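Engineer: Sequence:
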Amino acid sequence: MIRRDPVGVVASIAPWNYPLMMAAWKLAPALAAGNCVVINPRRSPR
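In this note's numbering, the protein residues as written are 1 to 46.
It is worth saying that the hints were derived from the structure and are not from the lab. Just so you know, these numbers come straight off a predicted model, no measurement behind them. Ideal placement from N, C-alpha and C gives every residue a C-beta, glycine not left out. Hints are all accurate, no fakes.
Pairwise CB distance ranges (calculated): (1) M1 - N40: 31 to 39 Å; (2) V38 - Y18: 14 to 22 Å; (3) M1 - C36: 21 to 29 Å.
Could you put together the complete structure from these sequences and hints?
Structural biologist: Shown next, in the form of structure tokens:
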């Protein structure tokens, strides 16, 4: 039996070119594991 415990707060930095898709890839597994997620998207390209 595998038991997965939440780690705590997960930080996610999404790139400017695909912010929603990349954030969703990181957000879904973290929330499914019971973690809190802080997302910081890039506002504009440099």
